Every structure is written in structure tokens, then in C-alpha cells.
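Colleague: Work out the full structure, taking the sequences as your base and the hints as a guide.
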Amino acid sequence: MQELKLDGNAAAGTMEEVFAFEITTAVGTCDNCGAVAEFGTTTVYAQAPGIVVRCPQCEGVLLRLAHDDGGRYWLEMRGVRCLELRV
Amino acid sequence: MATPITPRRRGLTPNRLSWQLCDVAELVDETPRVKTIVLDPPQWAGHKAGQHVDVRLTAEDGYQAQRSYSIASPPEDEHLALTVERLDDGEVSSYLAEVLVPGDTLELRGPIGGYFVWEAALGGPVLLVAGGSGIVPLMAMARHRARAGNRTPMRLLYSARTIDDVIYREELEALASEDEGFEAILTLTRAQPPGWSGYARRIDADLLAEVAWPASDDPLAFVCGPTAFVETAASELVELGLPAHRIKTERFGPTGG
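Residue numbers (our numbering), protein chains in the order written: chain P, 1 to 87; chain E, 88 to 344.
Since the hints were made in silico from the structure, they are not lab data.
Model, not experiment: these values are computed from the prediction.
Think of the CB as a built atom: it goes at the ideal place given N, C-alpha and C, for glycine as much as any other residue.
A few of these clues could be false.
Which residues of chain P face chain E? A few of them, derived with a C-beta cut under 7 Å, are [as the list claims (entries may be wrong)]:
1) Asn9
2) Thr24
3) Thr25
4) Gly40
5) Asp68
6) Glu84
Modeller: This is the structure we're talking about:
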């Protein structure tokens, strides 16, 4: 089976349910390796019950986002040292 | 019934995405596997070339399936057009390509994205590299350039399996013949028509070296296609000396069904 690997562009709609700002041009710093990259360049695995976003450099987990059908969200961002948003 | 949504605001006001129901105005057969869906969203504050929408289907029992589709139409168009490839076993794409008819409604939200976007003001020269249906957001960029009367040199390298799989073929030929600043270069990877003199192999380092502008011209590259295609093309462009920040990528995954 082909690996279901996408990128930050594909996750943008779901991410914006939480962030309310255009997310693909937000610049994040990976807490694992220190790489600095736009969200659109990240690696995304979206076929799980939630979304897993990984660093394009070291493949470390940047964040995980899951939600239920009732409008509750769980966002884990341990892998993001800093997120720069332009609003 | 359409759900009213708040008009898009600018600046510090949160820019909430809302789902809306759109009338399907027209369906256009592009290739045997690909259709363009022309829509009239009730609330649309405009988009940028390269952005996408999320489409959501809801079954009678409440089951929902959601996919992202690139916008094919340029910002200058009155209608919103999506071009969708029917994937085998694709629960959303097969509905869009086989069941949907004009007069139906489709639920979507958008426009989404800002990273994989080209606006005339960004300049160039612009290299577009498309694999299969990855042509769709790049076509929005080519259409935007033409409709805006922009003169930025733009070169498209488009990899398709056969000539019949080339989406927008006639329009691409017309754009290239009418406008010296726009070039469309095809490579047909599986079969070629008799007398074909163009490229006939998958995109590789030599092919990109022949087609791409030299790094000294500081080109801006947009690469869209299946994940493996995108990663190959982007890494070859880096090898050619393009800085990574001048190479924008968007992957169409097999989850796109």
C-alpha cells in the first residue's frame, strides 16, 4: 500500500478550524532539530483518526490534531518550539 | 438550503472558514477520467491562483467524507471551477465525476491556502512542474497570468501518461501559441502518439536541466503532483541550484479519492 503522505496544504482547512488564520504561510520552528519552515512544507499524514504533522527535515512530530463530531478538538504541539503567524 | 456565512474580513479579525452550499452550474469532460465542475458559491470573496477548497459529502445516515480540490479557475473568473480526477475506489471523486449533475448542490469551504500561491505581483520567471492532475492549481496560475495581462515569463513542464490524459490540452496549446511569454512542454511517460517528437519519459535531472531556467535567473518554481513525483522534481531542482525557498510544492496524495 502506498504511503499516505501529504503536506501542510492538505491539512490547512482542518487546521483553520482551530487557528482561524491562514496557516500554510505560518512559519514554525521544529523543537527536535530547529528547522524553520512554512507550514505548507510540512509532511502530513491525514488518514489516521487525527492529523499528524511532521518536520520536513527530521520527520519529528510537530503537532497532532484530533476532533470528534461534536466540535471538540485536541491539539498537541509539543514539537513546535515557536509558531510565527502573520495576520 | 444555503447556510448564510459571515463575509470574509481582513486584518486582525479571525478569518473563519465556513461551509456553504453551491449550485453546480456546469460539468465539463476534460479527459475520460477528469471533469471540471463549475460552481456558483453564494459567498465568495475571491481567491488566489493555487488555492484549494475542501469539499464535503454527507450521506443520508450522516456519514461525511471530505477532500481537498484545487481551484482551476483564475481569480478573474466569475465562476469557481474545480477539476477533479476520478480515482478508482475514490468515494468522493467517483461521486463528483459520475453522479453529480448540473443543478445539484455541493458543499464546500474556502478558499484555503497561501503558501502554494502565485500572484502576478510575485514575478518570476515562473517554472510550473505538473504531474498528472497536479496541473490543476498550476493551470489557475497560467490562466491568472493570461487574464491579468501579465508578461512574466512562465514555462510549464507537464508530465502525463498519454496524450489523452493531458488535461486542458487545447487551452494550453492556445495559450502557448498566442503568447510568447508562455511555454507548455509535455512529457508523455507511458505511450506517445505517432510522430511524437516531444519528451517521452518521466521527469529526471536531465529533463529538468533542459527545461528549467538557470538558477542565475532566480526562477520561482511550483511543483504539484503525486508525492513521489513532487519529491523527485523538487530535489532535482535543488540539485540544479534553485534555493529551496524558491521551490513551492503541493502533493496530491492517494487519499484524494
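Colleague: Each hint: holds or not?
Modeller: A quick look at each hint next to the structure:
1. For asparagine 9 of chain P, the interface hint holds, the least distance from its beta-carbon to any beta-carbon of chain E being 5 Å, beneath 7 Å.
2. Residue-level restraint check for threonine 24 of chain P holds (minimum Cβ-Cβ distance to chain E is 4 Å; threshold 7 Å).
3. For threonine 25 of chain P, the interface hint holds, since its Cβ comes within 7 Å of a Cβ in chain E; the closest pair sits about 4 Å apart.
4. Hint status for glycine 40 of chain P relative to chain E: holds, with the closest Cβ pair at about 3 Å, below 7 Å.
5. For aspartate 68 of chain P, the interface hint is violated, since its Cβ never comes within 7 Å of a Cβ in chain E; the closest pair sits about 13 Å apart.
6. With a least beta-carbon distance of about 13 Å to chain E, the hint placing glutamate 84 of chain P at the interface is violated under the 7 Å criterion.
This entry does not satisfy hints 5, 6, going by the numbered hints stated previously.
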